[in-house]
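K.L.:
So you can see what is in the structure, the chains are spelled out below.
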Amino acid sequence: MGLLPPFEVSLNNQQSDVRGALSALLAGLGPLALDVEEAGTVELVMAEALNNIVEHAYADRRRKEAIHIRCKQLRDGLHLRIVDRGMAMPDGKTPIGMAQNIDVDAIDMPEGGFGWFLIQDLAKDIRYQRVGHTNQLDLRLAVALHAEG
Amino acid sequence: MKVSTKIEGDRCIVTVQEDRIDAAVALAFKDAMRRNTSGSGAMVILNLAQVQFIDSSGLGAIVATMKHLAPDRQLVLAGLTAPVERVFTLTRMDSVFQLFATLDDALAVHHA
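Order-wise, the sequence lines are chains A and B.
Sequential numbering from 1 applies to the first sequence in the working numbering.
Sequential numbering from 150 applies to the second sequence in the working numbering.
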């Protein structure tokens, strides 16, 4: 088959909306018949990106704003763009997401900070831009690679 | 966060009866684990056989549970499905936790 046409998923900036958005995204990718690991990659990376927006981008949680996800299949995989109207990333860039030091005693074991590490480990071509009052996060997942298109 | 608990000697088996441990339920998971391991013996086995997805929040909640039980009690994990095990492998947390393919494997461990 040819490349999957681009499609969009929208959600509100609330934790309770993230699961539905992930389901909608995976449903939209249905025609690609992703294997379990590829689908898992999409779900995990997007869960981390959306959780980050929901948790950090909006100081005033009562304001309902839409988060838009656009998904496009190209020959080199799935290109995803997430746009939200929340606060800018600190320092105008994504966190570095280094691997945590886990060679520590239990009492010092980190409980957080794995999210950006996972995004940067699994996604390629990650690019963050502040465009007017919006944040735009682009990334590519090397799944559903397409031989012709 | 629905879990079921079973005591086998000094082993406390907590089975998660949901298919996701994610940001939406991370806090509820931590609370459920605290309640269900209260007064338990030395080994808590977290049975994840029904869990098909965890994100970094879910991982963090499992780490928090481990820290809560430490140092007197140990938390081991059993029945990890492929997507869940992957999160542990990618973050190298598979070197921090003892992972067992099945609950029976975890129960077969003898300890002093």
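Simulated from the structure, these hints should not be mistaken for lab results.
Virtual Cβ for every residue (Gly too), placed ideally from N, Cα, C.
Be careful, since some hints might not be right.
[Said to hold, decoys possible] To be clear about the criterion: a stretch of chain B counts as covered by chain A if any three or more of its residues have a C-beta under 8 Å from a C-beta of chain A, and this derived list gives those stretches:
| id | segment |
| --- | --- |
| 1 | 164-173 |
| 2 | 178-186 |
| 3 | 197-205 |
| 4 | 239-250 |
[To be verified] Facing chain B, according to a computed beta carbon distance under 10 Å, are these residues of chain A, among others:
| id | residue |
| --- | --- |
| 5 | Q15 |
| 6 | V36 |
| 7 | A57 |
| 8 | D91 |
| 9 | F117 |
K.L.:
Does each hint hold? Answer for all of them.
P.N.:
Each hint tested on the structure:
no.: 1; hint: 164-173; in the structure: holds (count 4)
no.: 2; hint: 178-186; in the structure: violated (count 0)
no.: 3; hint: 197-205; in the structure: holds (count 3)
no.: 4; hint: 239-250; in the structure: holds (count 6)
no.: 5; hint: Q15; in the structure: holds, 6 Å
no.: 6; hint: V36; in the structure: holds, 7 Å
no.: 7; hint: A57; in the structure: violated, 14 Å
no.: 8; hint: D91; in the structure: violated, 21 Å
no.: 9; hint: F117; in the structure: holds, 7 Å
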